[in-house]
Amino acid sequence: MVNYIIKRIAMAVITIFAVATVTFFVMNLVPGGPFMSEKAVSPQAQAALNEKYGLDKPLSEQYTTYIKDLLHGNLGLSVKQRGRTVNMIIETKFPVSARIGGMAILTAVLIGVPLGSIAAFKRKTAVDNIIIIFSTCGIAVPSFVVCTILMYVLSLKLGLLPTYGLASWKNYIMPVMALAFYPSSYIARLMRSSMLDVMGQDYMRTARAKGLSQIVSIFKHALRNAILPVVTYLGPLLAYTVTGSFIVEKIFTIPGLGTEFIGSITGRDYPLIMGTTVFLASLMVVMNVLVDIAYKLIDPRINLK
Amino acid sequence: MSNNKISLQLNVEDFLPASDAEKERLTVMQRSVGFWKDGVRRLKKNKISMISLVVIILIFFLSFIVPGIYPYSYEHQIRGSENLAPMQYSQTEMNAMETGEHVFPHILGTDNLGRDYAIRVMMGSRVSLMVGLIASGIILFIGSLYGSVAGFFGGWVDMIMMRIVDMIYTVPDILIIILLSVAFDQPLKALSQKAGFQWIQVVGVNLISIFVVFALLYWVGMARIVRSQILILKEQEYVTAARALGASSGHIIKKHLLTNCIGTLIVTTTLQIPSSIFTESFLSFLGLGVAAPMPSLGSLASAALNGLQSYPHRLFAPALAISVIILSFNLLGDGLRDAFDPKLRD
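Those protein sequence lines, which keep their order, are chains L and Y. 899 is the number that my numbering gives to position 43 of the first sequence; each next residue is one higher, with no gaps. 459 is the number that my numbering gives to position 333 of the second sequence; each next residue is one higher, with no gaps.
Honestly, I wouldn't trust all of these hints.
With a straight-line cut-off of 20 Å between C-alpha atoms, the simulated PhoX-like cross-links for lysine-lysine are [unchecked claim]:
1) Y:Lys163 <-> Y:Lys173
2) L:Lys1013 <-> L:Lys1026
3) Y:Lys149 <-> Y:Lys173
4) L:Lys980 <-> Y:Lys171
5) Y:Lys173 <-> L:Lys980
Quick list of simulated restraints, FRET-style, between CB atoms [said to hold, decoys possible]:
6) Y:Arg168 <-> L:Asp984: 44 to 52 Å
7) L:Lys1013 <-> Y:Pro313: 44 to 52 Å
8) L:Ile1029 <-> Y:Ile191: 57 to 65 Å
9) L:Lys1066 <-> Y:Leu446: 51 to 59 Å
10) Y:Glu224 <-> L:Asp984: 55 to 63 Å
Hints were generated in silico from the structure; no laboratory data involved. Note that CB positions come from ideal geometry on N, CA and C, so glycine has one too.
Using the sequences plus the hints, can you model the full thing?
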């Protein structure tokens, strides 16, 4: 177990390093630079700016400097947002995205897992069919459609909720609903099929035969086994969602990390692109390792090698 | 028959040669049911998949054939008929009708530039479908090749190839798409000036970079699925037999392994189509998709967002279209999975 975790962490570090390297060179290979689009900047000023941010040095030198700084946890200075470090930007924007994303995932699990389980227990009944229809439609609707329809109905027609910003708790309702829509449908489907699988297992019959009530056998045996596929799905999903959904943040004008990321790419803010990418990649890799460890805790039969 | 106790009591007639009529009765009349026939038969039984297949055919008809005979074109701006509501006529059109001329109704109204909205939604579906089909084709090709090579050779090759897959999985796709569309902008525009490459202008630089991104990034899911199938299949006896007969690795992969996971390939590709359409609409919504005036369902929805208060139907039409397309492909994919590859049920 310990060996396995060490191996996985070593792998994770290599992956993050590789992603950083690839991003760095792809980003620099693309013609143009951070100061190209600003017409007001004179050539002298541009050269000065390039010098200030170290963009005049050869690429290999820039790369080694960047990696050295990265190892010290220093993500550099934002080129476009003068005077702010990338660390500062991530520190202020990430909590905003993480709060909405976290709430959305929690909502999705709280809706998806029970719905999927109920559908499996009430198999081939009207309840099951209704849940199947809803979850099938749920994974067919893109998030921007959900966002805009929610906005149209709840804000423009009924006037219940504000459309933008994050001033009060009311602002969180629509983004969280929009973000939770797809995952909750997906989790419900996953949960239903894995629950059906588990219910056919011998140990479920044994549990009932030894006198456990239906409820206890479900919570003690079925749920724990059936939730494994959901855990697998949750790892990467969590990493993606807490770092901000571009669409949802754009539509509801939420100042989160997703908006920052898109802005950094279109504005060619090199350090910010690198920072957000490395941050997202690290989160992703960490989540995958955590999922594997969670596997072992949930299902001791799984042999980690 | 005598009751001789030591006789074997055999009937000589039982040992006569069989007549032709008797032989006929013993031949199995039913032809053996092949893989395809069996799958299609099971698919036909599935009502939901048949309905979604009909819906898909209808959508293809609407987006590929109807625009050819439709009286309006997707880029034609009719002056004086801006912002019409569905089934509404502009003043000039009403005047024309009074003189006895036949004016085709704007079923979904017009947009802010006076373009018929129904044809724009149809063209948008066409773009989305094209993206879905082409991208899935690219993914099928690269993913199955990569996955089968990794799975077949195993060991170090597999290890390195799958780590590359993990890495690609981690790179944010938006980053690559935006960077590529910037990188391709100049070279492709220069290329589109040359003879024989004018189509680039029509398709748009962004769309080409989307395809490249699909080719670069999105095959990883397919590669993983194919690999896991190949890992099981390569232990089968017929692979050992083929190898003993001197078949090369390429021949075994092509002839034995990939043909045996054809069910998986069909199902995964069908389910890839809606997810490609999903991605394209998402990118078009962010303004990274097809180039104007070419509409896509995502860009139509994005443009409709500004006038949501006054013209909600402009959002609902493309939103409904995209949801129906994705839903019917998903349902068809599920049906295909049950029919061709029951093992793959999630």
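Exercise for the section: For Ile1029 (chain L) and Ile191 (chain Y), compare the CB-CB distance with the range 57 to 65 Å and indicate the outcome. Expected result: Violated, since Ile1029 (chain L) and Ile191 (chain Y) (Cβ atoms, about 44 Å apart) do not stay within the stated range.
Handout entry: Range agreement (Cβ of Asp984 (chain L) with Cβ of Arg168 (chain Y), hint 44 to 52 Å)
Key = violated, 22 Å
Practice task
Measure nothing beyond the straight line between the CA atoms of Lys163 (chain Y) and Lys173 (chain Y); if it is 20 Å or shorter, mark the hint as holding.
Solution key: With a Cα-Cα distance of about 17 Å, the restraint between Lys163 (chain Y) and Lys173 (chain Y) holds, given a limit of 20 Å.
Practice task
Could you see if the CB distance from Glu224 (chain Y) to Asp984 (chain L) stays within 55 to 63 Å?
Solution key: holds, 58 Å
Problem - Pair hint Lys1013 (chain L) and Lys1026 (chain L), alpha-carbon separation not exceeding 20 Å - result: Satisfied, since the Cα-Cα distance of roughly 16 Å is no more than 20 Å.
Problem - Holds or violated: Lys173 (chain Y) to Lys980 (chain L), with C-alpha atoms at most 20 Å apart - result: holds, 16 Å
Practice task
Starting from Lys149 (chain Y), check that the Cα of Lys173 (chain Y) is at most 20 Å away, please.
Solution key: violated, 41 Å
Exercise for the section: Assess, step by step, whether the Cα of Lys980 (chain L) is no farther than 20 Å from the Cα of Lys171 (chain Y), and give holds or violated. Expected result: Holds, because 18 Å separates the two Cα atoms, which is no more than 20 Å.
Problem - Outcome of range test on Cβ distance (Lys1066 (chain L), Leu446 (chain Y); 51 to 59 Å) - result: Once the Cβ atoms are compared, 52 Å apart, the range 51 to 59 Å for Leu446 (chain Y) and Lys1066 (chain L) holds.
Practice task
For Lys1013 (chain L) and Pro313 (chain Y), compare the CB-CB distance with the range 44 to 52 Å and indicate the outcome.
Solution key: holds, 47 Å
Taken one by one, the earlier hints fail for this structure at numbers 3, 6 and 8, listed in ascending order.
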